[in-house]
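Novice: Keeping the supplied structure of chain A fixed, place chain B upon it in accordance with the hints.
One line per chain: the protein sequences are A and B, in this order.
In terms of this note's numbering, the first sequence is residues 244 to 566.
In terms of this note's numbering, the second sequence is residues 172 to 450.
FYI, nobody ran anything at the bench for these hints, they're computed from the structure.
Misleading hints may appear alongside valid ones.
Chain A stretches covered by chain B per the calculated footprint, using a threshold of three residues with CB under 8 Å from any CB of chain B [as the list claims (entries may be wrong)]:
(1) 489-501
(2) 537-550
The following residues of chain A were derived to be distant from chain B, with all beta-carbon distances above 12 Å [unchecked claim]:
(3) Ile326
(4) Ser373
(5) Ser515
From the structure, some residues in chain A lie toward chain B, with a derived Cβ separation under 8 Å [as the list claims (entries may be wrong)]:
(6) Leu286
(7) Ile288
(8) Gly468
(9) Arg531
(10) Tyr532
Idealized CB from N, CA, C, for every residue including glycine.
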Amino acid sequence: MTTENQDITRLEFFPISFFAMVMGMSGLTIGWEKAQSLLHLDLGINPWLVGATSSLFAALATIYGTKLVLHRQAVLKELRHPIKLNFFPTISISLLLLAIAFLDLIPTASRALWFTGASLHLLFTLYVVSVWIHHEHFQVHHMNPAWFIPAVGNVLVPVAGVPLGYPEVSWFFFSVGMLFWFMLMTIILYRVLFHHPIEERLLPTLFILIAPPAVGFIAYMRLVGELDGFAQLLYFSGLFLTLLLFTQAGRFLRLRFFLSWWAYSFPLAAFSIASMMMFERTGGDLYRYLGIGLLTMLTGIVMLLLTATALAVRERRVCLPNH
Amino acid sequence: MSEPNTALTPRATLAAGFLILMFFAGLLLVYLVGPSTPPASLGPSASDSSPAVTDEATGAVASAAAEADPPGKPGPELSAPAAGHLLAVTQQRLAALEEELEEWRRQQAAALETERQRVDAELARLAHAHRQQLEAAKEAGAGAMFAQLGRDYAALQARFTPDGILVSLAESDLEFARGRDTLVSERPASLMKLAEFLVVHPDLQVLLRGHTDSLGGETANLVLSEQRALAVKRLLVDLGVAEDRIRAEGMGETDPIADNRREQGRERNRRVEIYLTEG
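Chain A on its own, in the form it takes in the complex (with noise of 0.2 Å):
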């Protein structure tokens, strides 16, 4: 972004959005953090994956926080809206995303951003279920899968958390996460089934459907330890979702680019981390595989949504009033 004297009222228009970007920038990391412990390669790119995706969440938290001070009512107003709301808890995600990526290298800072980024979750899972409950506005149409991203936080929580000592609060936050995946899923269904079709803006946000599953097993790995009867159901699950969604390929290439494409990006790198899991447990190849490749396919996705965002920036497509 250039110094020009437009760039004050694009600034109120900055969408919450853009912190979807860093899930999907942590996602992409945290992947090749485990995929180069797995192969037992080391290609000196978690530094600078990691440099990126911190740098990434520190600008766009400026930038936010700028448009706090200044466009505080623009603020608001998201914080009003039935869908933008949801993206507020990417906020929080990305802190908790990045205290896991953070957990070998810097374990403090690790635990500094996990205790940040679950209470602030909890505070927007409380605020959002709130207004969900408290609504007035709300139309079955209102129902987009963004609905899901707080409650996928709430199942990252224990990814970091039980490694860093705290299986208890992990448990409270893996059983809420849970608790709404059930929830919301029957709602999505319903409203896909019965009611017009999703905005064509937010149909990547579909594949978010594919991160409680995915996210759910890794946590509750994390949690139980044991490839039991739960786990394998929360990983087949994922795999489901995910055969779907690819199925669907022919549409989502149909779209024009939003921001919220960056949607596709952090399920796919958890669905990909919970494949190389379940390799280490069972050591069943095809698990490595499918893993593997799905990440360097998320890496290819990732390289295309930078240069579309960044196209999309200088082109002057984004942070315009109505998105």
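Specialist: Frame of chain A; chain B shown alone:
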């Protein structure tokens, strides 16, 4: 912004092709790195082995692979003879590892046997000393009973530690209800034996140490472990052991003897240790 929404644009096709290519690049990467599948060979039971052991095994296989790399061929592709060689070396390494494992098992068994003999010898010595005492009191019958107790004592799997003779009783031996300090049975067999033994040995002091697993709050666990040690003490007192001979303390979750992340480990950690010291 101008792309039509109905048909696949060339750009979209390109993107799809690129992504499919990336996917196969990943498959190729895995294929080239080769089968580094230590957890696979161990199967589902691998979950019982500690990660450190697995890592070590992986390292061994990896180094075997490194050794197997013929010096003139640095590329990742292995020719057929090289692959054969690698297989042979890996198999050799595997055999060596298995042998090591077997050797380790034998050593463990031997160590266990030595330990058992030491316990027996110690018990025999105690028995002898005591029998002399008893003989002085002309109670040959009690001596026979003591020999029986000595065998029971060995059956309790006592160990010698710097803190005294240690008998570790698991939660299930003691029949504590989960998370409670009350005993289900009024007279657990394990404690009856111990009490009888202590009555015959008035010179032995008893230290009871309660331990818990890591589930639950630290303070709650500390209290629970102490309560359990005290419950065992009350029972021993009820069974006729003088109160001033028994000290009870709780260690909480601070001293695990097994991995708290597994149920079996947690079960082993929930225990009351009984240390017997002379004087």
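Novice: With reference to the structure, classify each hint as holding or not holding.
Specialist: Evaluated hints:
1. 489-501: holds (count 6)
2. 537-550: holds (count 8)
3. Ile326: Consistent with the label, Ile326 of chain A stays out of reach of chain B, its closest Cβ about 20 Å off (over 12 Å).
4. Ser373: 29 Å, holds
5. Ser515: Violated, because the least Cβ-Cβ distance between Ser515 of chain A and chain B comes to about 9 Å, which does not exceed 12 Å.
6. Leu286: Given a least distance of 10 Å, the restraint on Leu286 of chain A is violated.
7. Ile288: 13 Å, violated
8. Gly468: Status holds, d = 5 Å.
9. Arg531: 6 Å, holds
10. Tyr532: Tyr532 of chain A check passes; min Cβ-Cβ to chain B is 5 Å, inside 8 Å.
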